[in-house]
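Those protein sequences? They're chains D and C, same order as listed. All residue numbers for the first sequence refer to the numbering used here, where the first residue is 1 and numbers rise by one. All residue numbers for the second sequence refer to the numbering used here, where the first residue is 1001 and numbers rise by one.
Check the hints yourself; a few may be wrong.
Going by beta-carbon spacing under 8 Å, a handful of chain C positions derived as facing chain D [unchecked claim]:
1. Pro1039
2. Glu1041
3. Pro1043
4. Leu1045
5. Leu1046
6. Gln1080
7. Gly1095
8. Asn1100
9. Leu1101
10. Phe1103
11. Gly1104
12. Lys1105
13. Gly1106
Derived from the structure by calculation, the hints contain no laboratory data. Backbone N, C-alpha and C define an ideal beta-carbon position, used for all residues, glycine too.
Letter by letter, the chains look like this.
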Amino acid sequence: EAQVTQNPRYLITVTGKKLTVTCSQNMNHEYMSWYRQDPGLGLRQIYYSMNVEVTDKGDVPEGYKVSRKEKRNFPLILESPSPNQTSLYFCASSFLAGTTKNIQYFGAGTRLSVL
Amino acid sequence: TQLLEQSPQFLSIQEGENLTVYCNSSSVFSSLQWYRQEPGEGPVLLVTVVTGGEVKKLKRLTFQFGDARKDSSLHITAAQPGDTGLYLCAGVFYGGSQGNLIFGKGTKLSVKP
């Protein structure tokens, strides 16, 4: 079954404590992306990766890091989380970004609270 | 920052009614997508359009891409309670990175039986 798996689904942490949200896909997709979703602001892209070792900033990259060492994994790292990073996070993947062949699959989301 | 404006923000209608959701920008898209999201889940892709003037149909849903590729609409005929959800448009802007997907804020649709 085609899947994008995020872990954890829920996380409560404190300011400054480094955390990693993992994302894995089993579809051999080149493209992966991270978004955050906030009430009134919609989905905003944090970082994306067009392929292994190729990452680029989205619209709201401040305070986040990513890496793409393997095709299937695209972890999101918060080195020093702050309360304004409390949000619902989604990982997504697809074969070809921005084309009609692009069917972007989303994970189920990670709800993060930073106290 | 390039923006995608979606309207209306909220829509509450009775079963059987028709509705249209709009997605507009001052910039040109190289491609545009429509998604539907239900509470507690990630968005699910409905359609991708890339050609100006393109019309795509998915059962009772009709998607139209503007001739100038700056706007799009989603029309639902005879809405049903199962259509309830958050509808999102997302675009890749012409001249921008193919990986940089910009989302509208969404239209929250509620269809009452």
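**Request:** Have a go at the Gly1095/C hint: is there a Cβ in chain D nearer than 8 Å to its own Cβ?
**Result:** 12 Å, violated
**Prompt:** Is the interface hint for Pro1039/C satisfied, with its Cβ closer than 8 Å to some Cβ of chain D?
**Reply:** Result: violated, 10 Å to nearest chain D Cβ.
**Asked** Close enough to count: is the Cβ of Lys1105/C nearer than 8 Å to one in chain D?
**Response** 4 Å, holds
**Message:** Can you verify the interface hint for Pro1043/C: is its Cβ closer than 8 Å to any Cβ in chain D?
**Reply:** 5 Å, holds
**Asked** Hey, does the Gly1104/C contact hint survive, CB to chain D under 8 Å?
**Response** With Cβ-Cβ at 6 Å, under 8 Å, it holds.
**Closest C-beta approach of Leu1101/C to chain D relative to 8 Å, hint status** = Hint on Leu1101/C: holds, closest Cβ of chain D at ~6 Å, below 8 Å.
**Message:** Hint Phe1103/C vs chain D: min CB-CB distance below 8 Å?
**Reply:** Status holds, d = 4 Å.
**Request:** Return the status of the interface hint for Asn1100/C: holds when the least beta-carbon distance to chain D is below 8 Å, violated otherwise.
**Result:** Holds. Min distance 6 Å.
**Asked** Does Glu1041/C pass the interface check with chain D, least Cβ-Cβ distance below 8 Å?
**Response** Check passed: Cβ of Glu1041/C comes within 6 Å of chain D, closer than 8 Å.
**Prompt:** Can Leu1046/C be said to touch chain D, with a Cβ gap under 8 Å?
**Reply:** At 10 Å from the nearest chain D Cβ, Leu1046/C fails the 8 Å test, so the hint is violated.
**Asked** Minimum Cβ distance from Gln1080/C to chain D below 8 Å?
**Response** Where the cut-off is 8 Å and the nearest Cβ of chain D is about 23 Å from Gln1080/C, the hint is violated.
**Message:** Leu1045/C was flagged as interface toward chain D. Is the shortest Cβ-Cβ separation under 8 Å?
**Reply:** 6 Å, holds
In summary, the structure is inconsistent with hints 1, 5, 6 and 7 from the numbered list given earlier, while agreeing with the others.
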